[in-house]
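S.K.: Use these hints to put chains B, C, D and E with the ligands onto chain A, whose structure you have.
As given, the protein sequences belong to chains A, B, C, D and E, one line each in that order. For the first sequence, my numbering assigns the number 205 to the last residue and increments by one with no breaks. For the second sequence, my numbering assigns the number 410 to the last residue and increments by one with no breaks. For the third sequence, my numbering assigns the number 650 to the last residue and increments by one with no breaks. For the fourth sequence, my numbering assigns the number 867 to the last residue and increments by one with no breaks. For the fifth sequence, my numbering assigns the number 1084 to the last residue and increments by one with no breaks.
Please keep in mind that the hints were generated in silico from the structure rather than gathered at the bench. Mixed in with the good hints there might be a few duds.
[Said to hold, decoys possible] Each computed DSSO-like pair below joins lysine-lysine, with the alpha-carbon atoms no more than 30 Å apart:
1) K168/A / K217/B
2) K561/C / K268/B
3) K373/B / K217/B
[Unchecked claim] Have a look at the derived ranges for each label pair, beta carbon to beta carbon:
4) P737/D / N371/B: 31 to 37 Å
5) D381/B / S123/A: 37 to 43 Å
6) A643/C / A222/B: 55 to 61 Å
7) E958/E / G271/B: 54 to 60 Å
8) G271/B / W491/C: 16 to 22 Å
Ideal placement from N, C-alpha and C gives every residue a C-beta, glycine not left out.
Residue-level listing of the chains:
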Amino acid sequence: MSASGPFQDKPKIRADALSVARGGRVLFESLSFAAEPGAYIEIRGGNGAGKTTLLRTLAGYLKPRGGQIVFENAEEPSLALHFVGHQNGLKPTLSVASHLRYWAGLFGGAINAGVAAEKLGLSALLERAARTLSQGQARRLSLSRLVLAPRPIWLLDEPAAALDANGKAMLATIIDAHRAEGGLVLAAVHEPLGPTPSQTLTVGV
Amino acid sequence: MSASGPFQDKPKIRADALSVARGGRVLFESLSFAAEPGAYIEIRGGNGAGKTTLLRTLAGYLKPRGGQIVFENAEEPSLALHFVGHQNGLKPTLSVASHLRYWAGLFGGAINAGVAAEKLGLSALLERAARTLSQGQARRLSLSRLVLAPRPIWLLDEPAAALDANGKAMLATIIDAHRAEGGLVLAAVHEPLGPTPSQTLTVGV
Amino acid sequence: MLTYLANPARFMAFSAWAAPIFLVAALALLAIGAPWGLFYSPADYQQGETVRIMYLHVPTAWWSMGIYAFMGAASFVGLVWRHALADVAARAAAPIGATFAAVCLITGSLWGAPTWGTWWEWDGRLTSMLALFVIYLGYIALWSAIEDEEKAARLAAILCLVGLVNLPIIKFSVDWWSTLHQPASIMRAGGSSIDPSMMGPLFAMAGGFLCLFAALLMMNMRAAVFRRRVEAARLRGADA
Amino acid sequence: MSALVATFRRDLALMWGGGGGALAPLGFFLGATMLVPLAMGPERNLLAAAGPPLVWIAAALAVLATLERLFQADLEDGSLDHMLLSPEPLELIVLAKGAALWVAVGLPLALASAPAAIALQAPPELVPAIVLSLLLGMAAFIGIGLVGAAVTAGVKRGGVLIALIVLPFFAPPIIFGSAVAGGEHVGAALSVLAGFALAALALGPIAAAAALRLQAE
Amino acid sequence: MSALVATFRRDLALMWGGGGGALAPLGFFLGATMLVPLAMGPERNLLAAAGPPLVWIAAALAVLATLERLFQADLEDGSLDHMLLSPEPLELIVLAKGAALWVAVGLPLALASAPAAIALQAPPELVPAIVLSLLLGMAAFIGIGLVGAAVTAGVKRGGVLIALIVLPFFAPPIIFGSAVAGGEHVGAALSVLAGFALAALALGPIAAAAALRLQAE
Ligand code: HEM
Ligand SMILES: Nc1ncnc2c1ncn2[C@@H]1O[C@H](COP(=O)(O)OP(=O)(O)OP(=O)(O)O)[C@@H](O)[C@H]1O
Ligand SMILES: Nc1ncnc2c1ncn2[C@@H]1O[C@H](COP(=O)(O)OP(=O)(O)OP(=O)(O)O)[C@@H](O)[C@H]1O
Ligand SMILES: [Mg+2]
Ligand SMILES: [Mg+2]
Chain A
1 MSASGPFQDK
11 PKIRADALSV
21 ARGGRVLFES
31 LSFAAEPGAY
41 IEIRGGNGAG
51 KTTLLRTLAG
61 YLKPRGGQIV
71 FENAEEPSLA
81 LHFVGHQNGL
91 KPTLSVASHL
101 RYWAGLFGGA
111 INAGVAAEKL
121 GLSALLERAA
131 RTLSQGQARR
141 LSLSRLVLAP
151 RPIWLLDEPA
161 AALDANGKAM
171 LATIIDAHRA
181 EGGLVLAAVH
191 EPLGPTPSQT
201 LTVGV
Chain B
206 MSASGPFQDK
216 PKIRADALSV
226 ARGGRVLFES
236 LSFAAEPGAY
246 IEIRGGNGAG
256 KTTLLRTLAG
266 YLKPRGGQIV
276 FENAEEPSLA
286 LHFVGHQNGL
296 KPTLSVASHL
306 RYWAGLFGGA
316 INAGVAAEKL
326 GLSALLERAA
336 RTLSQGQARR
346 LSLSRLVLAP
356 RPIWLLDEPA
366 AALDANGKAM
376 LATIIDAHRA
386 EGGLVLAAVH
396 EPLGPTPSQT
406 LTVGV
Chain C
411 MLTYLANPAR
421 FMAFSAWAAP
431 IFLVAALALL
441 AIGAPWGLFY
451 SPADYQQGET
461 VRIMYLHVPT
471 AWWSMGIYAF
481 MGAASFVGLV
491 WRHALADVAA
501 RAAAPIGATF
511 AAVCLITGSL
521 WGAPTWGTWW
531 EWDGRLTSML
541 ALFVIYLGYI
551 ALWSAIEDEE
561 KAARLAAILC
571 LVGLVNLPII
581 KFSVDWWSTL
591 HQPASIMRAG
601 GSSIDPSMMG
611 PLFAMAGGFL
621 CLFAALLMMN
631 MRAAVFRRRV
641 EAARLRGADA
Chain D
651 MSALVATFRR
661 DLALMWGGGG
671 GALAPLGFFL
681 GATMLVPLAM
691 GPERNLLAAA
701 GPPLVWIAAA
711 LAVLATLERL
721 FQADLEDGSL
731 DHMLLSPEPL
741 ELIVLAKGAA
751 LWVAVGLPLA
761 LASAPAAIAL
771 QAPPELVPAI
781 VLSLLLGMAA
791 FIGIGLVGAA
801 VTAGVKRGGV
811 LIALIVLPFF
821 APPIIFGSAV
831 AGGEHVGAAL
841 SVLAGFALAA
851 LALGPIAAAA
861 ALRLQAE
Chain E
868 MSALVATFRR
878 DLALMWGGGG
888 GALAPLGFFL
898 GATMLVPLAM
908 GPERNLLAAA
918 GPPLVWIAAA
928 LAVLATLERL
938 FQADLEDGSL
948 DHMLLSPEPL
958 ELIVLAKGAA
968 LWVAVGLPLA
978 LASAPAAIAL
988 QAPPELVPAI
998 VLSLLLGMAA
1008 FIGIGLVGAA
1018 VTAGVKRGGV
1028 LIALIVLPFF
1038 APPIIFGSAV
1048 AGGEHVGAAL
1058 SVLAGFALAA
1068 LALGPIAAAA
1078 ALRLQAE
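This is chain A alone, in the form it adopts within the complex:
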């Protein structure tokens, strides 16, 4: 599903013979793949297989043990991507609205924070402190970063964790919209998210 959209440079990711290790133990070796604009790649693997490690390596937080990661059409990879990890990155005392404001500033977000809240069903919660959010509401807030500041590459680690059926549908919608605009999505999942993957990577043995 390659498409035209606002990401004019249309970045791609390519991994060549990637191998990663944690705590001295090799998790996987010689993983290669190429992600084109509009692609949605699902990363599968059992608990502890290395899905999170792979995503954090792609995001640049971890150094690979071997092989290489190439970003095409992205001058500064860290500015071309969003990373949604297991941790939501919320401050318990701050309100939903102030998280949105902060992220808009931090990532140079262009879109109205209200729209982002809307797309994830948070509009009624804008003034609530993050501390008082339910698990699924907190996850939605974390996902709202994707919509808040348009970036072409999304690295998502179990993005649907704690979401209800409605939340999963919203997530599928924004992923589809993102692909339609030429963005690309890599998501580690245990169960299919909804959108048809263009490729499935399985890590671990």
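M.R.: For chains B, C, D and E with the ligands alone, coordinates are given in the frame of chain A:
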């Protein structure tokens, strides 16, 4: 699926016209149910519906706004139950084995810690610090409390979160074994866990 | 009386007219006491005119301690009988008590500058008053740090009660301590050596400050009750 | 009973294993006492007169620094939920945590006060009394600190708030402890300190447990 | 630029909103300075000689108490991951966090040093210089503290470890700052302090950012 087992007193829970509120807002009212030994009750509801609130109220952490919770055949309800919440309750620097040892002491656990680790597929990780566990491995460790110290009532909040297919199967196995012994299980879930529920409660509007 | 007022509705009805009355009484007593003390009472034979600070200093010292005792009682009621109005009362009293303590400290050190030749002396009394002030600050800070009001009320009540136990201990230990090293201070005017002609204005001022406390307390409490009502209405509106 | 032993052992492991082991509070304490002569300048007499009692302040602040996360971490990560389901009463579990803190931090600190006091020009014959006074004082600080830590467990960045709450309560032990360090009324001050420690350890866990039960909400 | 403004505003909101607002560091500071005379006894002359420089120690320890969670919380909750994806360099984001800390904690503390210095028997004519010296000193402490906080962010209960790392670097500002409080070489000491503050604010964020990049692993 009522059954005979080691929980000789066979506790039951009954809720009468329960109503709970958070932050001054009523989440649900006049919820009534009765859980018999061997029952498995699934609690459903959207994000923010009040599943966690209900479970924490049953566990005694929160006071209900109205109605009452009756434990039958359980002198001290807090000693008859296990609560597995969204948080895993792990200390990053301590090893898996030392968590098991601590819980065995804290809950007066009777079963060998090695068996508990075995049942959740953690045997290879006993010496690893909790900090180095993957999300699913950490969840398995948290669930191992259920096996470690036999208690008749299990209150589980999205217990399958972050588990892979294999982990979910292990969870279904221990739930079935628990029911066969006359224990009872209440679990908040977004997707069916596997075991056939004896009842489904839906909270929220 | 107290059980009667424990009902929020009755409290609101009562305080609606009682608060202004106490305020007027306070202003009247202060209006009598202040000029009496400032212009018509004798200057101290030794301290001269500065002794007049006493009329501000001593009543605030008394009531800053009295208010803490009041908060302790209210906290106990709030904790044991889960009475919301008692929590509100304890919280409403704290900033007033802290202000009284601050006024006592400030007037005391203004007084100390000419009489002792220093702004501050680590005397037992001064030290325990400073400790009381810090305890007030801690109590207020705890309240404002916890958003859930019900939880904040009970946690602050626990702290307040522990502080109640501690206050006499501080006072006793500080006294013991400053007798160890006798300070070179000249705390001349002891309670008994006060000239009878100073008693009148002093008691007028003390009564005035007590009425002021009562009035401010009720006004603070009314504001808190109104705020809670608005909050409740807002939540009900959000549900609908 | 074994719940208390398990709690004690776990907390000890957490405190010795986590942040540089037993070296860390020791380093803080020695560091803080090192700052005193730096601030006061090298005058020997001044230091001899003013220094030794400051050992007690350094010790109080060292304990303070360990208090913030004592219950906050348990609340955030869900461990507190587990403690509430133990057959042992929460009061005793809290006491077990306090005991672990005393062993992990109080004990090394009291021992380190010997070289610190000497560095601050305390007369050597007073050193045993100073160490003993700190052993008692640490217990009093911890008993009080449990309450402060429990009351502020739900507060983010409660570190400074806890200081505000706890420091006025630290005053009495400091007064009597510094009397020991100053060499005055040593015997009487020590027995008063012992009384404080007992009272703080008896009442502290009760108030702290009451507060923690509320925090689980 | 707006990433820096956003960071500054957020951190300010976190610090003023979380733990009792600006009252808390103020209370800590006043509490700590109150302990000093308690420990030294009320002797006027001793206090006048030894007291004022201790304002600086109390201030240093107050800053220290706020440092532990500065980056640790960001690391634990995943916020650090986000900061690394900002168009602004991490160095400047760290500097923005430091600036927020200075405004939220340094500024009120420097102002509170006026009454504290008086309570510790500093001569009133020195008070403005003491306040000014602390304004500079707070900047220096924060610049240094950023590094300590960043290096220990991954360490549980790093509070005491951070003290160990940071206190030796606090020594030079404390020496010059106490000279101001003691009334010696005021002008020269102030300009040295200003130099320290500048250097710490220039180098601190660079070292801290380097450490934080490693913490994200
Ligand atoms: C900051 C400095 C001061 C503080 C914190 C302070 C504190 C107090 C306190 C707490 C009391 C009430 C004691 C009681 O009733 O048990 C009190 C009473 C009193 N103070 Fe002060 N004081 C200060 C300075 C002074 C000075 C400089 C003088 C005069 C030389 C003074 C003269 C008095 C008198 C005459 C009383 C009433 C006597 C009595 O009721 O025993 N105070 N002060
Ligand atoms: N401390 C609090 N103050 C105010 N509101 C709260 C508080 N805690 C939870 N809530 C609100 O109460 C509602 C119920 O929360 P709860 O955590 O029980 O939901 P849940 O059904 O478990 O949702 P999820 O599926 O997302 O876990 C939510 O709307 C939440 O925002
Ligand atoms: N810091 C570390 N030191 C040692 N081993 C680590 C460390 N971090 C992770 N590991 C191990 O590396 C492996 C991969 O972890 P990772 O988090 O990538 O798994 P995952 O595929 O995301 O699993 P999950 O589905 O449970 O989230 C796991 O076995 C984990 O225990
Ligand atoms: Mg993972
Ligand atoms: Mg939930």
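S.K.: Hint by hint, say whether it matches the structure.
M.R.: So, going through the hints one by one against the coordinates:
1. A hinted pair counts as satisfied when its Cα atoms are at most 30 Å apart, and K168/A with K217/B does not qualify at roughly 35 Å.
2. A threshold of 30 Å between alpha carbons decides the hint, and for K561/C with K268/B the separation of about 12 Å falls inside it, so the pair holds.
3. Simply put, K373/B and K217/B have alpha-carbon atoms about 26 Å apart, close enough for the 30 Å limit, and the pair holds.
4. Between P737/D and N371/B, the C-beta spacing of about 33 Å keeps the proposed range 31 to 37 Å intact.
5. Remark: the range hint 37 to 43 Å for D381/B to S123/A is upheld by a beta-carbon distance near 42 Å.
6. For A643/C and A222/B, the Cβ-Cβ distance of about 25 Å falls outside the hinted range of 55 to 61 Å, so the restraint is violated.
7. Take E958/E and G271/B: their Cβ atoms lie about 55 Å apart, and the range 54 to 60 Å holds.
8. Against the hinted window of 16 to 22 Å, the Cβ-Cβ separation of G271/B and W491/C comes to about 19 Å, which satisfies the hint.
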